[in-house]
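Number of protein chains: 2
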Amino acid sequence: MAVFAALASPTLADPLPSWNDGATKTAIIDFVENVTDPASDKFLPEEDRIATFDNDGTLWAEQPLYFQGLFALDVLKKKAAADPSILSSDVLKAASSGDLKGVMAGGTAGLLELLNVSHSGMTVDQFQSDAHEWLTTTTHPTSGMHYVDMTYQPMLELLSYLRDEGFSTYIVSGGGIDFIRAISDKAYGIPPQQVVGTEGTTKYEEVDGKMVLMKHGGLTFYDDKEGKPVGIARHIGKRPIFVGGNSDGDFAMLEYATSGDGPAFGLIVHHTDADREFAYDREGHIGVLDRGLDEAAARGWHLVDMKNDWARIWSVNK
Amino acid sequence: MAVFAALASPTLADPLPSWNDGATKTAIIDFVENVTDPASDKFLPEEDRIATFDNDGTLWAEQPLYFQGLFALDVLKKKAAADPSILSSDVLKAASSGDLKGVMAGGTAGLLELLNVSHSGMTVDQFQSDAHEWLTTTTHPTSGMHYVDMTYQPMLELLSYLRDEGFSTYIVSGGGIDFIRAISDKAYGIPPQQVVGTEGTTKYEEVDGKMVLMKHGGLTFYDDKEGKPVGIARHIGKRPIFVGGNSDGDFAMLEYATSGDGPAFGLIVHHTDADREFAYDREGHIGVLDRGLDEAAARGWHLVDMKNDWARIWSVNK
Ligand SMILES: [Ca+2]
Ligand SMILES: [Ca+2]
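Going line by line, the protein sequences match chains P and B.
Under the UniProt record's numbering, the first residue of the first sequence carries the number 1, and numbering increases by one thereafter.
Under the UniProt record's numbering, the first residue of the second sequence carries the number 1, and numbering increases by one thereafter.
Don't read these hints as lab results, they were simulated from the structure.
Mixed in with the good hints, there may be bad ones.
Said to hold, decoys possible - Over 10 Å on every C-beta distance to chain B, these chain P residues come out as not near it, computed from the model:
hint, residue
1, ASP41
2, GLY121
3, ASP275
As the list claims (entries may be wrong) - To give an idea of the interface, some chain B residues facing chain P are shown, with a C-beta separation under 7 Å as derived from the structure:
hint, residue
4, LEU156
5, ARG181
6, PRO192
7, MET211
8, GLU226
9, PRO229
10, ALA233
11, ILE236
12, LYS238
13, ALA252
14, GLU255
15, THR258
16, SER259
17, ALA311
The structure displayed is predicted, hence computed values, not measured ones.
Ideal Cβ positions, reconstructed from N, Cα and C, are used throughout, including at glycine.
Extracted from the complex, chain P is given alone in its bound form (with noise of 0.2 Å):
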């Protein structure tokens, strides 16, 4: 059995090519070898080996806002044109303008009120068809890419190296699910059955004499914050033993997974690269940082610095 796991993985290849030499790469493969290792004290069978990550800020971009917010807008803006009496708010009738700065004064709430207009009345089938299409063909309004392509490279990386070790990926995202799942498989080779996510009304029903799966408003599930570790009690049933996130957003999911017994790898990726992507952290509107970055020392996370540590940003060169 030595034998063929010497044979099966290659010790000499690099499986993290695009992160920096560092102690953050280091931590990893080494945490990595220790769990997978069974001569090792912190063995684990493969069927604990569960990753989860967060989506927006940790494996694509989420700036200048949550792409599915950008995605909202577009869908807003065509079923505005058609019926402008559903701009029925501040938020929607900002939204409908493109005007960024007036739904994001409306916080969580105007964000949630954008998405129950622009993602209800439709199957689920439907909107997973139009977020496909939309994210493989609209561009960025600042980096010029097709959002399909604002992956991060050095996190695919991580993710197929966890895969070839026998991890299973998750992801866990305050996003909704069903616009996560248009595209995980694709741009992740995450598939739907392994995304955790914002649930809004769905309801079984027939429409035109079929019967479909009718997406509604109003949200059934908010996957954010503590509701992360519950998410992943209701889709996985497991604690994680790899956890990555980017903000306070995953902090409960973070401090659930390295609370265990055994073994357990928290990662924070930190935004520091102005140039290459974006830098924040603890102010904004988005991806806020504060508390994690904090505690994360003391708790033993690792921050992983984008400048410094990844080598490449995208998962598609510029």
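Since the structure of chain P is provided, determine the placement of chain B with the ligands on it from the hints.
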């Protein structure tokens, strides 16, 4: 490749030895061979081979009451012995005195009240540990078997057969997700992330200085009837192609699976064997199969006649 495939699936061995030869067994094997044969126009890749099964009455017995209901009765009795004031309704009083008829007179609402009181106020881990112990050590009132042994051998063979042929097997049950997960791996080889069920309020919170997942009263998702396709959408995100159920609570799931564009197999376990198990269908307090019996033939669903189709019932010989 063909050579290896032939070696890997020894066609001479019967994959369903506890099924008597007949139309149902033939239909199952024909379907599986078709969707797994790359030369067939019904071929589907492994990622599309999703199989979902109801639990109570489909994979294990459900009489004289759902096992989870019997567990709840035992828990309630213990709780009431310590604090009689929790018996605040007729249903709860009936339950604590073992009066099944009194509990069932309360209908679904009564059962939910019983579950609320007996399934809250502990961590998910503690609850699952209690449930696992109960299922593996307590004996069933009429069979005298341990509950964990009252699974159906032919269905265990079907689950294994499907997995051997590249299917992912899921439970999609009206029963509680935490309860089923306590035993699903041991009983069926189904890991927690492949169990979909009714969900109670769960919160991530601090108890005695530790962050835990606590079970509270109240349901957040009822995974029965039209809820089953919704539960499938939330947890799996794909339409199943093989579905097994036993009651009209599975009608929507069967309908959803078999109304897609591709091949799909619907199976209904019909309880026809009063000698070896139980006989019931159109009437009763549990597992009512009425519309399903009427429409199975027209919809192409396969009725399993337990008495004639199954050579053996239980996974453990009495
Ligand atoms: Ca994030
Ligand atoms: Ca049932």
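Give me the numbers of the hints this structure contradicts, sorted from smallest to largest.
-> Violated: hints 4, 15 and 17.
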